[in-house]
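Novice: Put chain B on the given structure of chain A with help from the hints.
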Amino acid sequence: MGAQLRIYRRRIRSVKATKKITRAMELISASRIVKAQQRVAASTPYANELTRAVSAIATFSNTDHPLTSTSENPKRAAVLIITADRGMAGAYSSAAIKEGDGLINGLKQRGLEVSTYLVGRKAVNYYKFRNRKITGSWTGFSDNPTFADAKKVSDELITAFLKDAQVDLTGVDELHIVYTEFKSMITQIPFSKRMLPLEVVESEGPAPTGLLPMYEFEPNAGEVLNALLPRYIESRVYNAMLQSAASEHAARRRAMKSATDNADELIKSLTRLANAARQAEITQEISEIVGGADALSSASAGSE
Amino acid sequence: MAQLRVELVSPEKRVWSGDASMVSARTLEGDIGILPNHAPLFGVLVDGQVRIKAVDGNETSFNVHGGFISVSNNRVSILGESTD
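Line by line, the protein sequences are chains A and B.
Counting along the first sequence from 1, when you hit position 215 you're at 215 in the working numbering, and nothing is skipped either side.
Counting along the second sequence from 1, when you hit position 18 you're at 18 in the working numbering, and nothing is skipped either side.
Extracted from the complex, chain A is given alone in its bound form:
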């Protein structure tokens, strides 16, 4: 077997092995999207009930809560960027990071300092490589976040928000979140949103219809709001994480699908080249034999 042919065969083998891997990853991601979607769906009843409750209370309690009041002279803003822990998901993480960069630039133009909170190893590496300051980071759960993870993250953010940013260097006046919204299996859009100070009006799902009931509060409206608003933030952060996880799987599935398709194409063209090389080898061997025979016969003809 000729050297050329051997090299082609070897490359075909290696592309085939890669294809097997990408194909497996595609299938795994495909099954995980469904699971992630189910988790998003499973968390909606809680989120809906919570939104309903918050809007019911906010509409007729005049309690001034630190989480809803806007600072007159904002100094610092926190940005939470949710990305993936692992790569192989196409532009998923970089799209979220880019969206975050845009948001941060916007905030800086407004004269705010920005402290960044990162979820996912990809964002952490990106920031570390560029020597940017990371205020807080969490990794290890991007593809399968639990409520406990979301709670950990939002607890730290709420603590930072409740500090007075004018005097405390770790305090923030605003909280923004960047995540990837899962629109459908083929569309995922990086999205940035202001979480704090709260705008309660934004509600997902059907808005509560009719008059909201006149609640009796136990123990009182202020206390209830105190307990309720942090939960509301947690649930929004959790929802953002779940959506991002679903988007991550969808992005990975798509990236792996195109990798598999490319491998197929590569195998096809390499097979063509290998066939041509084999044919060329055969042709050369034949012409060598014919040439040799010819030389022999003409040599013996000359001696006669």
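Because the hints were derived from the structure by calculation, they are not lab data.
Since this is a predicted model, take the numbers as computed values, not measurements.
One should not assume that every hint holds.
In silico PhoX-like links for lysine-lysine, alpha-carbon gap of 25 Å or less [what the hints assert, rightly or not]:
no., chain 1, residue 1, chain 2, residue 2
1, A, K108, A, K133
2, B, K53, A, K151
3, A, K133, A, K75
4, A, K98, A, K128
5, A, K152, B, K53
6, B, K13, A, K35
7, A, K35, A, K75
8, A, K183, A, K163
9, A, K193, A, K108
10, A, K151, A, K133
11, A, K151, A, K35
12, B, K13, A, K183
Reference excerpt, derived from the structure (chain B facing chain A, CB under 10 Å, subset only) [as the list claims (entries may be wrong)]:
no., residue
13, I32
14, E59
15, T60
16, I69
17, S77
Note that beta-carbon positions come from the ideal geometry of N, C-alpha and C, so glycine has one too.
Specialist: Same frame as chain A, now just chain B:
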């Protein structure tokens, strides 16, 4: 007789939903029992048991660690921060 439409949800899933004749839970101010046609109420729950008496007479109870209960128009929603 009127019934209560009950939803017990945790952040990760819907734990229990159905019609019930009575719900009891422990709020910051103490245990409360909710019967049909209860006045609208919003309460903060502390760690404790939530007991739901379904219309068929079966009683189920859940341990809830913090959360909320809201009652309006015979609709009870219990948001447990973690339930088991």
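Novice: Are the hints correct? Go through all of them and say.
Specialist: Evaluated hints:
Distance hint between K108 (chain A) and K133 (chain A) is fulfilled; the C-alpha atoms sit about 15 Å from each other, no more than 25 Å. Straight-line distance between C-alpha atoms of K53 (chain B) and K151 (chain A) comes to about 31 Å, which puts the hinted pair past the 25 Å bound. Annotation: proposed proximity of K133 (chain A) to K75 (chain A) holds, straight-line Cα distance about 17 Å (limit 25 Å). Pair hint K98 (chain A) plus K128 (chain A) holds up; C-alpha atoms about 15 Å apart against a cutoff of 25 Å.
This hinted pair does not check out: K152 (chain A) and K53 (chain B) have alpha carbons roughly 34 Å apart, beyond 25 Å. About 13 Å separates the Cα atoms of K13 (chain B) and K35 (chain A), which keeps this hinted pair within 25 Å; it holds. Straight-line distance between C-alpha atoms of K35 (chain A) and K75 (chain A) comes to about 41 Å, which puts the hinted pair past the 25 Å bound. Restraint check: the Cα-Cα separation between K183 (chain A) and K163 (chain A) comes to about 35 Å, which exceeds 25 Å; the hinted pair is violated.
Distance check on the hinted pair: K193 (chain A) and K108 (chain A) sit about 16 Å apart at the alpha-carbon level, within 25 Å; holds. The suggested pairing of K151 (chain A) with K133 (chain A) holds, with an alpha-carbon distance near 23 Å, which does not exceed 25 Å. The straight-line distance between the Cα atoms of K151 (chain A) and K35 (chain A) is roughly 21 Å, inside the 25 Å bound, and the hint therefore holds. Our distance criterion of 25 Å between C-alpha atoms is met by K13 (chain B) and K183 (chain A), whose separation comes to about 21 Å.
The interface hint given for I32 (chain B) holds, since its Cβ lies 8 Å from the closest Cβ of chain A, which is under the 10 Å cut-off. Here the hint on E59 (chain B) is broken, as its CB sits about 22 Å from the closest CB of chain A, past 10 Å. A hinted interface residue such as T60 (chain B) counts as satisfied when its beta carbon comes closer than 10 Å to some beta carbon of chain A; here the least separation is about 18 Å, so the hint is violated. The criterion of a C-beta within 10 Å of any C-beta in chain A is met by I69 (chain B), whose closest approach is roughly 8 Å, and the hint holds.
The interface hint given for S77 (chain B) holds, since its Cβ lies 5 Å from the closest Cβ of chain A, which is under the 10 Å cut-off.
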